[in-house]
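**Student:** Between the sequences and the hints, there should be enough to build the whole structure, so can you do that?
Respectively, the protein sequence lines represent chains A and B.
Per the working numbering, the very first residue in the first sequence carries number 1; after that it's consecutive.
Per the working numbering, the very first residue in the second sequence carries number 1; after that it's consecutive.
The hints are simulated quantities; they were obtained by calculation from the structure and are not laboratory data.
Keep in mind that the hints are not guaranteed to be accurate.
Unchecked claim - 25 Å max Cα-Cα, derived SDA-like pairs, lysine to any residue:
#: 1; chain 1: B; residue 1: Lys429; chain 2: A; residue 2: Asn172
#: 2; chain 1: A; residue 1: Lys145; chain 2: B; residue 2: Trp167
#: 3; chain 1: A; residue 1: Lys311; chain 2: B; residue 2: Gln45
#: 4; chain 1: A; residue 1: Lys113; chain 2: B; residue 2: Trp167
#: 5; chain 1: B; residue 1: Lys28; chain 2: A; residue 2: Gln102
#: 6; chain 1: A; residue 1: Lys145; chain 2: B; residue 2: Thr333
#: 7; chain 1: B; residue 1: Lys148; chain 2: A; residue 2: Thr19
#: 8; chain 1: B; residue 1: Lys390; chain 2: B; residue 2: Val489
#: 9; chain 1: A; residue 1: Lys138; chain 2: B; residue 2: Gly156
#: 10; chain 1: B; residue 1: Lys264; chain 2: B; residue 2: Lys148
#: 11; chain 1: B; residue 1: Lys429; chain 2: A; residue 2: Ala264
#: 12; chain 1: B; residue 1: Lys82; chain 2: A; residue 2: Asp257
#: 13; chain 1: A; residue 1: Lys150; chain 2: A; residue 2: Thr190
#: 14; chain 1: A; residue 1: Lys152; chain 2: B; residue 2: Lys467
#: 15; chain 1: B; residue 1: Lys467; chain 2: B; residue 2: Ala5
#: 16; chain 1: B; residue 1: Lys148; chain 2: A; residue 2: Lys145
#: 17; chain 1: A; residue 1: Lys311; chain 2: B; residue 2: Thr42
#: 18; chain 1: B; residue 1: Lys467; chain 2: B; residue 2: Glu438
#: 19; chain 1: B; residue 1: Lys28; chain 2: B; residue 2: Lys385
#: 20; chain 1: B; residue 1: Lys389; chain 2: B; residue 2: Gly294
#: 21; chain 1: B; residue 1: Lys328; chain 2: A; residue 2: Gly137
#: 22; chain 1: B; residue 1: Lys385; chain 2: B; residue 2: Trp167
#: 23; chain 1: A; residue 1: Lys138; chain 2: B; residue 2: Leu336
#: 24; chain 1: B; residue 1: Lys328; chain 2: A; residue 2: Ala260
To be verified - A few chain A residues facing chain B, derived, Cβ under 8 Å:
#: 25; residue: Gly137
#: 26; residue: Gln185
#: 27; residue: Gln270
Just so we're clear, the structure is a prediction, and the values are computed from it rather than from any experiment.
A virtual CB, placed ideally from N, CA and C, is assigned to each residue, including glycine.
Here's the letter readout for the chains.
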Amino acid sequence: MAQEVRGEFYDLLAARGVTRRDFMKFCGSVAAVIGLSEVYAPQIASAIAAGTLQPALWLAHGLCTGCTESMAQIGVPDVPTIVLDLLSVNYWETVMAAAGTQAEDNITATVDKGGYIVIVEGSVMTGQGGNVLRIAGKPGVDELKEVCSKAKAVIAVGSCAVDGGWVAGDPNPAKATGVQAYLAQNGIKTPVVNLPTCPVNPEWVVSVLVDYLLVGALPPLNEFNEPKSLYSETIHDNCPRRGHFENGEFVQFGSADQTAQEAAGFCLYQMGCKGPQTKTTCPLVRWNRRVSWCVESGSPCIGCGTADPLKGGPGNWVDAGTPFLSRLADTRLPGIGGVQPSTIGAVVGGVAAAGLVVHGVVSASKGRIKGVPQESEKKFDSKNKSSEGGDK
Amino acid sequence: MARVAIDPITRIEGHLRVEIEVDSGVVKDAWVSGGLYRGMETVLQGRAPADAFYIAQRICGVCPISHGHASTMGSEAALGIKIPNNARIVRNIIEGAEFLHSHVLWFYTLTALDYVDVVSALSANIADTYALAEKAGTTTADFGAIQKRLAGFVKGGQLSIFTNGYWGHPAMKLPAELNLIAVAHYLEALQIQAQAAEIIAIMGGKFPHFMTSIPGGTSWVASEQRLADVLFRWQGVSDFITNTMIPDTLAIAPFYLEAAGYGKGVGNFLAWGVFDDVSMDPKKRVMPRGALTGLTPFDPKPEEVTEFIKHSWYDSGDNLNPAKGETKADFTTYDLNGKYSWVKAPRLNGKPMEVGPLARMLVAYVDGVAPVKALVDGALGALSKAAGKKLPPTVLVSLLGRVAARNLEAKVIADAMGGWIGEMVAAVKGGDSKYFVEATQSDGQGAGLWEAPRGALGHWVNVSGGKIANYQVVTPSTWDCSPRDDAGVRGPMEEALVGTPIADPTKPLEALRIVHSFDP
Chain A
1 MAQEVRGEFY DLLAARGVTR RDFMKFCGSV AAVIGLSEVY APQIASAIAA
51 GTLQPALWLA HGLCTGCTES MAQIGVPDVP TIVLDLLSVN YWETVMAAAG
101 TQAEDNITAT VDKGGYIVIV EGSVMTGQGG NVLRIAGKPG VDELKEVCSK
151 AKAVIAVGSC AVDGGWVAGD PNPAKATGVQ AYLAQNGIKT PVVNLPTCPV
201 NPEWVVSVLV DYLLVGALPP LNEFNEPKSL YSETIHDNCP RRGHFENGEF
251 VQFGSADQTA QEAAGFCLYQ MGCKGPQTKT TCPLVRWNRR VSWCVESGSP
301 CIGCGTADPL KGGPGNWVDA GTPFLSRLAD TRLPGIGGVQ PSTIGAVVGG
351 VAAAGLVVHG VVSASKGRIK GVPQESEKKF DSKNKSSEGG DK
Chain B
1 MARVAIDPIT RIEGHLRVEI EVDSGVVKDA WVSGGLYRGM ETVLQGRAPA
51 DAFYIAQRIC GVCPISHGHA STMGSEAALG IKIPNNARIV RNIIEGAEFL
101 HSHVLWFYTL TALDYVDVVS ALSANIADTY ALAEKAGTTT ADFGAIQKRL
151 AGFVKGGQLS IFTNGYWGHP AMKLPAELNL IAVAHYLEAL QIQAQAAEII
201 AIMGGKFPHF MTSIPGGTSW VASEQRLADV LFRWQGVSDF ITNTMIPDTL
251 AIAPFYLEAA GYGKGVGNFL AWGVFDDVSM DPKKRVMPRG ALTGLTPFDP
301 KPEEVTEFIK HSWYDSGDNL NPAKGETKAD FTTYDLNGKY SWVKAPRLNG
351 KPMEVGPLAR MLVAYVDGVA PVKALVDGAL GALSKAAGKK LPPTVLVSLL
401 GRVAARNLEA KVIADAMGGW IGEMVAAVKG GDSKYFVEAT QSDGQGAGLW
451 EAPRGALGHW VNVSGGKIAN YQVVTPSTWD CSPRDDAGVR GPMEEALVGT
501 PIADPTKPLE ALRIVHSFDP
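**Tutor:** Written as structure tokens, this is what we have:
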């Protein structure tokens, strides 16, 4: 379905200082992210540059606006390309010109015409009869049901839209939930793709959009409705600090050597890094036009890509991961069993011992706050069997 | 008499509804309603102070750095932690980068469309546009290519985010050429705000939502390479603010001088202050702590802050100081005579207080902070020239002043940031390797009183046995977007809306300008 790229498209890019070469390079990277060879770059370019714009509605629910902010932190394609050349985003509260009645009219007109996709940012807010979020004088969930039920596809961006995120953190005072679960409960069958992390990584959003424009369908999804190409390998698998993990070289917070350890890029595992149980491509795609990412800045991963869209999994990332700076799950609530702090402390201390089998660490529990999921053996490890030490 | 509801208010962070009563083309009364309750304060209870740093910043995706810092400072105050000097500098640079990011984003992406008619830019004469840019002392771009691009886009008929905007509205006053310049800079600003955010990514992992300013200091460690990466990005952003944003502001302002005549608000100002110097004294911050009634200064006392809930959907104690605050959601119905907002009504010693860049700049101006005084006096001089009469500092207490104050503050902070980067370089060269200290106690109560780009921010933290026993936040938008208090006194934004001229009640563009001037 490759169409010829409009010549004027490149003029337009050039006006913003983006060369044809830059653009093709971007398309190549999109291809890689969605699991295609780079030879598909020209098709991707034509999907972006040719034809009628795909209508889209970006809905703001129980949000902090961080996912919209994150979209503004993308490199190529830049934001104008996304909203002017890739999609016709007829509703996007944070950036649209219209307000009030004029803004609401844009939703009505787009829904009446049909053929649109929906992007949801923020948790689904069901507390107080749905009145914990009021939009245009009504509960926000009314809008969500109406707009999603007639959409071709729904993209839930950021952990809040995926499973309620921190807003659903215990005791979930506003009764927040995720889009997929909410639509299912209301008998709405529109396909949903989930893109967790807090906020969403903009490159993942664009890759899903481009994929959709290219083949007219959502990418292959895993059991959490996440694109397999983006959420299959753990952060630990691809972490640049991984070598230090293998060597048992860790940053020890509060120790006299902390600064030197961090300057040397030692592993943050002992600080509670959730990289071993969090599956995203953060170490590869990075953040903010790829300049850095959490672990590179000296912070352990806090597992914000942990998703539990249909509940019954690990719980939202806040309940699954706190206390973040510890390898121990939160024991403040009743009903949690199986936590063995002393064992784990010993294991982490004695790295050379064969201990790090436990590196998913805490066993699952039946409490309100679920234990982090146990890891299965990873590809790296099965390929690199060793008899002593390290990660097995 | 016409009743107009603007819901949703767009180009803001979060969910807001504004209702105005318009009579003879002027707003006579106004109600501001916050539409979202998430329950952060409740979610944080029982968790560790370090967890609060990571979670509480997610209150706001536009100003997570400020919330993260206020949370961490609240925990540090509660646990008696004194952070190393390196951590102070690192936090200043990260916070400064967020302010620059936010002010650029606000002016060009969020509020410019209230003043700039994108469609009018199509009829600009290109040669005249270059001439005007030169006269205004602002930067140029490939205006011809941008106009061509815009024309192609409009011809395509799918206007995307520009659909149904207020194009051709009688309150749009700029000549076509200035509209085109502004559209060019609207596009450029998207790159600049991202460049500012990259500084945060380098020092904090990513933006929005960052990772390193945990209670006790920072987990980031400086190196010469990393500081060079920060330095050149700061330089680019700083150049844009000096050579584009400030000249644009001064070029646009003369067409909207009438905006100096309304949007005054409550006339009380509060700043907790932001950007510590080595003394860690809030009164010596780059933007110092202080409060004003009119232009008369007084010391704001945190214990005199209370929150009223008569008009807010809560069922908890009324008129409580946040150190003892409660948050129990209880939606009843939307009733302008009763409860009509998820926002509480904070008051200082019973008075509504405007917070934000205007408050900070006025506090600093009255305090005699040299760079602020020079910039404000310079801008007043330029505006006086345009108005043909001498304008006093009080003219800043207006819609025009609120917009100008934010852009001028960006320049103050950009300049100060160069100094912090220099301090960090000196620390690295001097071999100071202390970035973090551990807490020695696990109980206590404290408050992190700081500033977000949009105004005074407080996180009140009560820690017991190493876990959070109570947590209360008073955000800038809680101050500015507050509903009426128990005495029926309007909040700052409500008050600022009263007296605003409205040319067309079906398209209340002028009211949007007032709302956006607070950057809610």
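**Student:** Looking back at the hints listed earlier, which ones does the structure fail to meet?
**Tutor:** Hints 1, 2, 8, 9, 10, 14, 15, 16, 19, 22, 24, 26, 27 not satisfied by this model.
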